[in-house]
Amino acid sequence: MSFWRDPIIFIIEWAKGLLAGIGWGPGWATIVGFVIGAFVLAAGAMFFVVFLIWYERKLIGRLQDRFGPNRLGPWGLFQPIADMLKIFTKELITPSGVDWIAYNLAPVLSVAAVLMMWAVTPFSKTFFGVNISVGILFLIAVGGLGEVGIILAGWGSNNKYALVGALRAVAQLCSYEVPFVISALVPVMLTGSMSLVDIVEAQNPWYILVAPAAALVFFIASVAETGRAPFDLAEAESEIVAGYNVEYSGLKFGMFFVGEFLHAFTASFIFVTVFLGGWRGPGADQIPVLGLVYFMIKTFIVYFALILFRGTNPRFRIDQMMDLNWKVLTPLSLVVIMVIALVDRLFASSADWLRTVILLAANLAILVVAERLIRRGVKTTRPEVGSRERPVASPDNLFIQPGSGAKG
Amino acid sequence: MSGLQIVFLIVAVVTLFSGVMVVASRKMMHSALWLILTLLGVAILFATLQAGFFAIVQVLVYIGAISILIIFTLMLTRRVMDDEHPQVIKGWWLPAVMAVILFGLIAGFLATWEDFQVMLNELPADAENLAAFGSALVNPAGYVIPFEVASVLLLAALVGAIYIAVERKEKVG
Amino acid sequence: MLNDWLYVGVFALVSMFLPAAAISIAALLSPKKPNSIKNATYECGMEPVGPAWAQMKVQYYVFTLIFLVFDVEAVLLFPWAVAYKQLPLYAVVEAILFILILLGGLLYAWRKGALEWL
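Protein chains in written order, with our numbering: chain A, 1 to 408; chain B, 409 to 581; chain C, 582 to 699.
Hints are not guaranteed to be accurate.
[Stated by the list, open to error] Derived DEER-like restraints, expressed as beta-carbon distance ranges: (1) Ala351/A <-> Val526/B: 37 to 43 Å; (2) Ile509/B <-> Leu610/C: 42 to 48 Å; (3) Ala15/A <-> Gln525/B: 34 to 40 Å; (4) Phe462/B <-> Gly311/A: 29 to 35 Å; (5) Ala15/A <-> Pro554/B: 45 to 51 Å; (6) Ala15/A <-> Thr520/B: 47 to 53 Å; (7) Ala365/A <-> Leu610/C: 56 to 62 Å; (8) Asn537/B <-> Phe598/C: 46 to 52 Å; (9) Ala365/A <-> Ala420/B: 24 to 30 Å; (10) Val574/B <-> Phe598/C: 43 to 49 Å; (11) Val422/B <-> Ile22/A: 28 to 34 Å.
Keep in mind the hints are simulated off the structure, nothing from the lab.
For glycine and all other residues, C-beta sits at the position ideal for the given N, C-alpha and C.
Please build the complete structure, drawing on both the sequences and the hints.
Set out below in structure tokens:
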């Protein structure tokens with residue numbers, strides 16, 4: 001029965017028992033256990049990307065009124081596997097004059113930065129890598145390591161356009177970290193701890209129902225952090241010749257690609273963990289594997305939303321992106337955190353549900369006011385260039401000139 | 409030789425070596441990358457001292473922001489890619505001797521401290537009390553004045569940098 | 582607690598090892614036929630002129646600097662946020678003052694035109 005309740009932890013405990021039975025000292029057993037656990041989680045993440053690529057391609061295809069890949073395997077399920085096999089055998093062309101260490105370290109660092117985010121997220125009540133006390137800050141910090149990878153890619157390629165693309169990408173990622181970090185303060189405030197395990201456990205109403213403004217800012221900032229459409233100026237094919245990964249071929253380019261897809265999924269599950277209640281759901285406390293199921297369902301819903309964004313929105317220009325960040329998201333996130341801090345403290349002694357409702361009302365008020373201000377600040381009127389006269393051809397007014405004002 | 413000591417030795421050697429390479433590299437971009445490695449080593453040292461928050465803050469602020477700022481600043485100066493000066497100055501033995509003497513003095517004074525040979529104990533699991541740290545930051549009997557002064561300092565840095573940069577834009581553009 | 586950080590370190594090493602291993606396998610499996618045209622730097626089909634440096638705009642520096650200031654501010658706010666539930670009202674007001682000072686800095690940057698991407 002306990003196997004069915006929590007198969008993953010059952011297997012882990014069984015493996016630990018095996019290791020202890022071999023008779024090594026506790027230190028070595030711990031380290032080997034850690035290595036195997038990390039290996040399984042990281043390798044699992046990388047193999048999971050294959051499924052994610054299929055999911056995205058099918059969905060984007062449907063959004064564009066076509067089938068996605070549907071030749072290989074049922075519903076095209078083997079297509080990404082075939083693509084991976086193909087990319088393994090492509091020649092790794094190294095252009096002349098590259099800085100060997102920077103050039104080769106960049107794809108590894110990009111993927112490693114995303115993989116490390118899998119170490120601290122709770123996938124279910126008992127299945128998580130490690131519960132460090134600074135979980136949410138850890139996620140943001142390893143995002144910064146990914147930025148270093150991009151700089152290495154751009155500079156190590158010995159290519160002006162790669163360098164410009166990399167600098168732009170890093171400027172965009174750096175800028176969007178500000179609302180990301182500031183709106184990540186809100187769940188920490190509401191929970192009283194930075195650890196992701198504690199944040200999930202404390203979400204009695206999900207935090208998206210308590211602080212939707214913060215959730216919105218966090219969501220937009222994390223979409224921009226992943227560098228996906230509509231924020232993909234830095235690496236889209238038609239912009240600066242594909243940006244910082246122009247000089248990469250074969251699996252090195254594939255690694256950037258894998259890192260980007262994995263980052264999109266990771267951003268989805270970070271949002272789910274922090275605002276949508278993680279693995280919480282009916283019955284997830286007693287049966288931990290149910291928690292994993294809820295987590296996956298919620299993450300796929302958010303991932304679906306991300307892919308919808310990608311398929312429907314045109315790309316932002318770089319100055320539009322920066323305006324959105326510095327003039328809208330950052331002041332909004334600062335105002336949200338000030339208002340939530342004040343409101344929560346003023347009503348600290350009321351009942352829980354009353355406080356939740358008041359916070360929700362305050363957030364919605366902020367969103368409405370922000371929408372009004374944005375609408376006033378955005379230029380929507382364009383100067384009229386030509387006249388609006390539209391002559392309609394019909395046998396009656398064949399001899400009336402357009403623009404003369406006469407109506408037939 | 410416990411595991412902690414081995415980790416500390418490896419990380420310390422890597423950090424010191426990267427620190428030396430920061431000043432000894434020919435290309436300035438390499439110096440910046442060695443600096444990133446040095447800062448990462450310092451972060452790992454914080455983690456071995458069980459100051460987890462500071463390790464993460466080191467990575468977040470130093471590597472995620474300051475290193476990138478340094479790299480952008482490098483690129484703002486034009487002749488950034490190579491360094492034509494000789495690698496080693498003429499009388500290099502004198503500073504080397506002074507450095508060794510200084511290190512010997514410091515190590516000697518530290519060795520007279522009675523806890524020099526004592527191993528670091530692992531703190532209990534609830535020793536990292538971020539809530540106490542947070543309330544100390546805003547406690548009037550604690551650190552609230554440095555807290556507010558820090559914000560004014562950050563404001564001054566922001567205003568100063570913008571003033572200089574915007575001047576430069578008007579001069580260049 | 583040290584075990585936790587050991588796990589993080591092991592995970593970091595493993596997560597750097599896996600892509601490196603994949604790339605090495607690809608390097609073994611792929612053909613290697615370098616020639617001077619393939620190895621030339623890509624510049625939209627033209628011959629590259631001059632070394633690879635890009636004219637930096639001071640805008641990159643200004644954005645990164647503003648990001649740095651707000652990053653440090655957020656880092657100083659995190660311990661306050663962790664202790665938030667136990668703090669009295671004046672502590673919350675102090676933190677709000679902190680945020681307001683930096684919001685003023687952002688407003689200054691906005692009015693000075695430092696937030697434009699030119």
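For each hint, the structure was consulted:
Distance hint check for alanine 351/A and valine 526/B: the Cβ-Cβ separation is about 52 Å, which falls outside the suggested range of 37 to 43 Å. Taking the beta carbon of each, isoleucine 509/B and leucine 610/C are about 56 Å apart, not inside 42 to 48 Å as hinted. Taking the beta carbon of each, alanine 15/A and glutamine 525/B are about 39 Å apart, inside 34 to 40 Å as hinted. For the pair phenylalanine 462/B and glycine 311/A, the supplied restraint of 29 to 35 Å is violated, since their beta-carbon distance comes to about 43 Å.
Under the hint 45 to 51 Å, the C-beta atoms of alanine 15/A and proline 554/B, about 49 Å apart, fit the expected range. In this structure, alanine 15/A and threonine 520/B meet the distance hint of 47 to 53 Å, their C-beta atoms being roughly 49 Å apart. At about 59 Å, the beta-carbon gap between alanine 365/A and leucine 610/C stays in the expected band of 56 to 62 Å. Between asparagine 537/B and phenylalanine 598/C the beta carbon distance is about 35 Å. The supplied range of 46 to 52 Å is therefore violated.
A hinted range of 24 to 30 Å for the beta carbons of alanine 365/A and alanine 420/B is inconsistent with their spacing of about 54 Å. Between valine 574/B and phenylalanine 598/C, the C-beta spacing of about 46 Å keeps the proposed range 43 to 49 Å intact. Between valine 422/B and isoleucine 22/A, the C-beta spacing of about 32 Å keeps the proposed range 28 to 34 Å intact.
Hint compliance for this structure: hints 1, 2, 4, 8 and 9 are broken, all remaining hints hold.
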